[in-house]
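Order-wise, the sequence lines are chains A and B.
Going by numbering that gives the first Met the number 0, the first residue of the first sequence is number 0, and it counts up by one from there.
Going by numbering that gives the first Met the number 0, the first residue of the second sequence is number 0, and it counts up by one from there.
Check before you lean on any hint, since a few could be wrong.
The list treats identical chains as one, so a pair stands whether inside a single copy or across any two.
Straight-line distance between alpha carbons at most 30 Å, and here's what the computed BS3-like set of lysine-lysine pairs gives [stated by the list, open to error]:
(1) K307 with K319
(2) K194 with K319
(3) K307 with K271
(4) K2 with K194
(5) K356 with K275
(6) K319 with K41
(7) K275 with K301
(8) K226 with K302
(9) K41 with K301
(10) K271 with K41
(11) K194 with K268
(12) K356 with K12
(13) K302 with K356
(14) K41 with K268
(15) K2 with K271
(16) K185 with K275
(17) K194 with K41
(18) K301 with K2
(19) K271 with K226
(20) K226 with K268
(21) K275 with K307
(22) K2 with K17
(23) K275 with K17
(24) K301 with K356
(25) K12 with K275
(26) K41 with K302
(27) K17 with K226
(28) K2 with K41
(29) K275 with K319
Honestly, the hints are just simulated from the structure, not real lab data.
Number of protein chains: 2
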Amino acid sequence: MRKVAVVGIGHSKFGKRKGVTIKELSHEAITPALQDAGITAKDVDAGVIAIAGEEFAAQGCPAAAIGDYVGLTGKPVYRVEAACASGSAAVRTAWTQIASGLADIALAAGVETMTHMSTERATELMARAGDALWEYPYGVSFPAFYALTATAHMAQYGTTREQLSTVSVKNHKYGALNPYAHFYQKPVDLQTAMKSVMISHPLNLFDCCPISDGAAAVILASEEKAKQLTDTPIWIIGLGGGSDTMQISERQSLTGLLGTRRAAEQAFKMAKLEPKDIQGMNVHDCFTIAEIMAYEDLGFCKKGEGGKFAQEGQTDIGGKIPTNIDGGLKAKGHPIAATGVSMTYEATKQLRGQAEKGRQIPNLEHFLTMNCGMTGQFMFVHIYSR
Amino acid sequence: MRKVAVVGIGHSKFGKRKGVTIKELSHEAITPALQDAGITAKDVDAGVIAIAGEEFAAQGCPAAAIGDYVGLTGKPVYRVEAACASGSAAVRTAWTQIASGLADIALAAGVETMTHMSTERATELMARAGDALWEYPYGVSFPAFYALTATAHMAQYGTTREQLSTVSVKNHKYGALNPYAHFYQKPVDLQTAMKSVMISHPLNLFDCCPISDGAAAVILASEEKAKQLTDTPIWIIGLGGGSDTMQISERQSLTGLLGTRRAAEQAFKMAKLEPKDIQGMNVHDCFTIAEIMAYEDLGFCKKGEGGKFAQEGQTDIGGKIPTNIDGGLKAKGHPIAATGVSMTYEATKQLRGQAEKGRQIPNLEHFLTMNCGMTGQFMFVHIYSR
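The task is simple: from the sequences and hints, build the whole structure.
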């Protein structure tokens, strides 16, 4: 197995990006990533593009259009899709192409345009990722599913309204410091977060990530190439993947995700590390309850104690495991397939010590990212090292 | 780089499969593939599912639904998409997961349901894979594009109507012997093929592959696992990928595909072989002219001589390079994302000596598959060895 490092990163502004196509948005992330790596598209052996929805993209088979637009014409390029975890599937796929020896330098990018349609249409398209026969037609959209998990978590472990909002406030605090975030310069106080409009009980507006447009890109390289290109390669040393039952009704529990535990187990084993060795992470906070469950399923606190863990400040800077210090999905935004790649971008930025003022995690050696598709049917955990 | 072998294969019947969902169709291919490998879903470390279109699938993010349905619950599963080359992208992705050491046993499957909608709607959905701004709105559907290439090939090299139909007749001859083929037991004579209804001049009905439902699956394994599982592992020893400009108007020539030449060059180099070392192949004959161009771009005859090459019988059994001896896309059918995996199925079946009566290629050592997405924007060449 060849070692693989991140050697270049790029990020578009996340948010409502009216009138921008997926090609243009991809270019905003891919071109800076190539420049950051000190290379041109000619140096890239293979490209993997994450896009979750064709109707979102407004282009069939969109990877070809993007690859050609950014200069990869002639090179092998294709698309991966794992719902909201598509971006991490792209990083994993680019990683395996290099680790296997098929490529020396590979691009992983994720992009989504979502705000060109109504919020209702976007919510419906996302809900269609649920079981098309047994769940989607009966109203199990994503807010509804995560509301079920929040209710179960509250009933079983006493998780509170305030604990949910604590996660939201933390993520907005750091999103406000991230110029690429959808809610840049928009912190929120606890009272506002607790009393915002109800979306799906018990989840209110500030428990839910927004619908955003955006793109992120990373350049991965083999050990030999990485050492030629940069003095600060960021190694991806652990990869894990998991999934879960398609139908929620078949699950043994609603208060955790099997896929997270499976993926984390693999990634920690491969990296030869434990949760105590990780100093910072990004997790999939599509809803505040998802972040709380992630603390638990990844092994950073006991099952049921995630709410308390957040309230104690353990996932803020200065706590045991600073989490989503770029704003997370909640405040940075969640252009579906861009999210996983944006997590790798953030891991690299933090480990390089390049995060913006007020949001650099100190003393980082290892970083973890956890990206969830649908309601846990796609799950990827990556572990990074300086 | 770890060696990777095909150790199990499965195939559904291709054709009009009324009332069958993508989950059921996938099961028809994946379950026999697992049985052929002598394993169960529990033994599989990772799954890669090729599906070209979400509207074809009638299920958002369909890989999750399929993975769970065939027993991969808990395992990492995701989707790859490269238009009509999606199946080969799945095989490549599964291959890299094993070669990199991330998995020991991986599933690659491809499935498409296409006949549940009107032919007009299916043609429109496919045409949307063309440039959504500059080509699709002006009527450049796939038959129209390949008609342009056929016209150019005829004008530049003197390729004839009869030569095009020769390809169709050969592929129907062998499709008629393949029980999984859409046109099983339906050979066609030269006069019928030459005089069928015009679709897009100069391409008539018998120059065009049908719209089909279907699935194919293969199980790949590391060298260690492969030797435990089977006495006849089929090694994938060369992989190449390529692409081309998104817009056809930007190409230097319409009589060949840059992506084929790039992908073939990589695959032959990796396998340390030349065209003369290959004794059988499957190429992407979505239209008869595409098969003729493939002979040339892959290096089996000179540019411009593909039509003559077919007419001489060089691509039939007994010729220099028997091609599409399972019926090809033309007669086996083309359920988009199943096609590339079906090619790996056929390569394995032929190299094992298990092809049905009348269509076994003799004296096989090496086999090649070439799978094209869109009008060459996605291209994959794989080389196999006994």
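Status of the hints after comparison with the structure:
1. Taking the shortest alpha-carbon separations for K307 and K319, only the intra-copy value of 13 Å comes in at or below 30 Å, while the best inter-copy value is 72 Å.
2. Only within a single protomer do K194 and K319 lie at most 30 Å apart by alpha-carbon distance; the minimum there is 29 Å, versus 76 Å between protomers.
3. With identical chains, the CA atoms of K307 and K271 are at most 30 Å apart within one copy only, with a shortest distance of 28 Å there and 60 Å across copies.
4. Taking CA atoms no more than 30 Å apart as the test, K2 paired with K194 passes in neither setting, with 48 Å inside one copy and 58 Å between copies.
5. With identical chains, the CA atoms of K356 and K275 are at most 30 Å apart within one copy only, with a shortest distance of 26 Å there and 62 Å across copies.
6. Neither within a single protomer nor between protomers do K319 and K41 lie at most 30 Å apart by alpha-carbon distance, with minima of 43 Å and 36 Å respectively.
7. Taking the shortest Cα distances, K275 and K301 sit within 30 Å of each other inside one copy (13 Å), while across copies they are farther apart (62 Å).
8. For the identical chains of this complex, K226 and K302 are neighbours neither inside a copy (41 Å) nor across copies (42 Å), given an alpha-carbon limit of 30 Å.
9. Only between protomers do K41 and K301 lie at most 30 Å apart by alpha-carbon distance; the minimum there is 28 Å, versus 48 Å within a single protomer.
10. Taking the shortest alpha-carbon separations for K271 and K41, only the inter-copy value of 24 Å comes in at or below 30 Å, while the best intra-copy value is 35 Å.
11. Taking the shortest Cα distances, K194 and K268 never come within 30 Å of each other, neither inside one copy (42 Å) nor across copies (64 Å).
12. For the identical chains of this complex, K356 and K12 are intra-copy neighbours only, at 18 Å inside a copy versus 60 Å across copies, given an alpha-carbon limit of 30 Å.
13. Taking the shortest Cα distances, K302 and K356 never come within 30 Å of each other, neither inside one copy (33 Å) nor across copies (60 Å).
14. Taking the closest pair of Cα atoms, K41 and K268 come within 30 Å of each other only across two copies (20 Å); inside a single copy the shortest separation is 36 Å, beyond that limit.
15. Proximity of K2 and K271 under a CA criterion of 30 Å is satisfied in both settings, with 15 Å inside one chain copy and 25 Å between copies.
16. Proximity of K185 and K275 under a CA criterion of 30 Å is satisfied in neither setting, with 32 Å inside one chain copy and 65 Å between copies.
17. In the homo-oligomer, the alpha carbons of K194 and K41 never lie at most 30 Å apart, since the shortest distance is 52 Å inside one protomer and 47 Å across protomers.
18. With identical chains, the CA atoms of K301 and K2 are never at most 30 Å apart, being 33 Å at best within one copy and 41 Å at best between copies.
19. Taking the shortest Cα distances, K271 and K226 sit within 30 Å of each other both inside one copy (23 Å) and across copies (29 Å).
20. For a Cα distance limit of 30 Å, the shortest separation of K226 from K268 qualifies both inside one copy, at 26 Å, and across copies, at 26 Å.
21. When the C-alpha separation of K275 and K307 is checked against a cutoff of 30 Å, the pair qualifies only within one copy, where the shortest distance is 18 Å, while the shortest distance between copies is 68 Å.
22. Taking CA atoms no more than 30 Å apart as the test, K2 paired with K17 passes in neither setting, with 40 Å inside one copy and 48 Å between copies.
23. In this assembly of identical chains, the alpha carbons of K275 and K17 never lie at most 30 Å apart, being 43 Å within a copy and 54 Å across copies at closest.
24. For a Cα distance limit of 30 Å, the shortest separation of K301 from K356 qualifies neither inside one copy, at 32 Å, nor across copies, at 62 Å.
25. Within a single copy, K12 and K275 get their C-alpha atoms no closer than 33 Å, and across copies no closer than 52 Å, so neither meets the 30 Å cut-off.
26. For the homomeric pair K41 and K302, the shortest alpha-carbon distance between copies (27 Å) is at most 30 Å, but the shortest distance inside one copy (48 Å) is not.
27. Taking the shortest Cα distances, K17 and K226 never come within 30 Å of each other, neither inside one copy (40 Å) nor across copies (56 Å).
28. In this homomeric assembly, K2 and K41 come within 30 Å of each other (Cα to Cα) both inside a single copy, at 22 Å, and across copies, at 29 Å.
29. In this assembly of identical chains, K275 and K319 lie within 30 Å of each other by CA distance solely inside one copy; the values are 9 Å within and 62 Å between copies.
Checked against the numbered hints given earlier, this structure breaks hints 4, 6, 8, 11, 13, 16, 17, 18, 22, 23, 24, 25 and 27; the rest are met.
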